[in-house]
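Asker: Sequence:
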Amino acid sequence: MTEERENKPLPDEEIPQADSAQNAPAPEQALPVLLPAPAEESAPDVPSTPESAQEEPEPRPILEQIDINELRRRPLNDLQEMAETLPIRNASSLTKSQLVFELGRQLLAKGHEVVVSGVMEQAKDNYAMLRDPVKSFRTSPDDIYLGGNLIKPLHLRVGQLIKVRLRKLRPHDKYLSASAVISVEGIPAEEYRAAQDFERLTPLFPKERLLLENKEVNSAAMRVLDLMTPFGKGQRGLIVAPPRGGKTVLLKTIARSIRANYPQVELIVLLLDERPEEVTDFEETVDAPVYASTFDEPSRRHAQVSDLVIERAKRLVEMGRDVVILLDSLTRLARGYNANQTGGRIMSGGLGSNALEKPRKFFSAARNVEEGGSLTIIATCLVDTESRMDEVIFEEFKGTGNLEIRLDRELSERRIYPAISLSQSGTRNDDRLYNEQEFVKIMQLRRQLAMKPGWEGLQALLQNISKTQNNAELLLTGLR
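So for the sequence shown, my numbering puts the first residue at 1212; every next one is plus one.
Among the hints, a few may not be true.
[To be verified] Derived pair list, reagent style PhoX-like, types lysine-lysine, alpha-carbon separation capped at 20 Å:
| no. | residue 1 | residue 2 |
| --- | --- | --- |
| 1 | K1652 | K1678 |
| 2 | K1569 | K1609 |
| 3 | K1572 | K1609 |
| 4 | K1307 | K1346 |
| 5 | K1663 | K1652 |
| 6 | K1426 | K1463 |
| 7 | K1321 | K1385 |
| 8 | K1426 | K1678 |
| 9 | K1379 | K1321 |
| 10 | K1385 | K1335 |
| 11 | K1335 | K1363 |
| 12 | K1385 | K1307 |
[What the hints assert, rightly or not] Taking CB as the label site, the calculated pair distances span:
| no. | residue 1 | residue 2 | range |
| --- | --- | --- | --- |
| 13 | R1620 | G1555 | 33 to 39 Å |
| 14 | Q1648 | H1366 | 44 to 50 Å |
| 15 | E1606 | D1642 | 25 to 31 Å |
| 16 | P1664 | T1413 | 41 to 47 Å |
Note that these hints are calculated values from the structure, not bench results.
All values derive from a computational prediction rather than experimental measurement.
Cβ coordinates follow ideal geometry from the N, Cα and C atoms, glycine included.
Take these sequences, add in the hints, and give me the full structure.
Answerer: Encoded structure:
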């Protein structure tokens, strides 16, 4: 090894000693190869003299560019085989992240150009770290240190995807460090200009529909939502559900429908305090980034991943993109911030006086933007859990959304799915999302359903949905 063993980074979030650094991601071939210099045309024979020997420089070897992100994607066995060709001791005892760090250090020492990309998380005023999105931004030994001398000239912001070039490590460095920024959000650093800050963008009512009906997904629940609680770009919605009410399945179906109908939309799934198997299921069934913090992780981890996800979404909206965040759940997010809070007064239900400040900021970020782009947040919220804290959290957020979907325990007990309470679900200003003729038909349908008591209205709607090909046909024919 080129350095002493004690310089190997620890998995905890330790701050490197005086460094300046930068970011740079760039996927390339994973294994470094020393290639011969390109053959030059043969020159006429020159007598071998000391002068001519000094004039002819020795050809330098061309070293392959290495991408740390590519190393992260490779299996651990491949990295261990690669470590055997380098002076890395005890490679078999290292974790994958530690091994990636050691490989990066050795490759830099050998003169390779090493690049990497990651999402920026502010650590302190004078530096930041680049986290790996694939790991849901978990703190890791192979995170990248980004010095303030690289952040300030480009006005880099938390949540941006940044690609950097790395430099050789110094004796006491504990992280791989950036030497130059290559690109920001895919824009070359020399061409990048900071966009207008998210907080200065003009919020508007949602005006453009997000249709959920899709033949491939073929879900009656999505057709019910299109008719009763239409989604728009910039919507701030709550799915209010009792335990085992079907909220997670509904959220997953919404994700699949949005991905199928709007592949250009930036879809993000955020799972907090969730069961590990649910996280795996989302990752396998939803074609979108899934950021998760499972129930066995500390509350500060829930807060960290949610902070980075909302900042990442804001940076995308600043660039004019349409972003949709599906959060499960807002209740657990508030619980996480409450557990992470120190000091302050304790209110009803055991909530701290400032515990809901950041969850409110998270949820209130949803908006349609006049300058272009939108941020839609659909979050689940737990009720009927026999927890006073959960009741207080729901009451705090009840009036803040402009869309509400109520799942009914009685319907779920009758095995009627989706267990959507038609009378308690709706969208504010939904007339902005329908054309005039469609809105007239929708209102007629809702009046007919309102005349039926309780679960009979939903059952009648589901029967009519099963007999028609799409909602347009249902509106033309009416309830039968």
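Asker: Decide, hint by hint, whether the structure agrees.
Answerer: Right, here's what the structure says about each hint:
no., hint, verdict
1, K1652 <-> K1678, "holds, 18 Å"
2, K1569 <-> K1609, "holds, 16 Å"
3, K1572 <-> K1609, "holds, 15 Å"
4, K1307 <-> K1346, "holds, 12 Å"
5, K1663 <-> K1652, "holds, 18 Å"
6, K1426 <-> K1463, "holds, 16 Å"
7, K1321 <-> K1385, "holds, 19 Å"
8, K1426 <-> K1678, "holds, 14 Å"
9, K1379 <-> K1321, "holds, 9 Å"
10, K1385 <-> K1335, "holds, 16 Å"
11, K1335 <-> K1363, "holds, 13 Å"
12, K1385 <-> K1307, "holds, 16 Å"
13, R1620 <-> G1555: 33 to 39 Å, "holds, 34 Å"
14, Q1648 <-> H1366: 44 to 50 Å, "holds, 48 Å"
15, E1606 <-> D1642: 25 to 31 Å, "holds, 28 Å"
16, P1664 <-> T1413: 41 to 47 Å, "holds, 44 Å"
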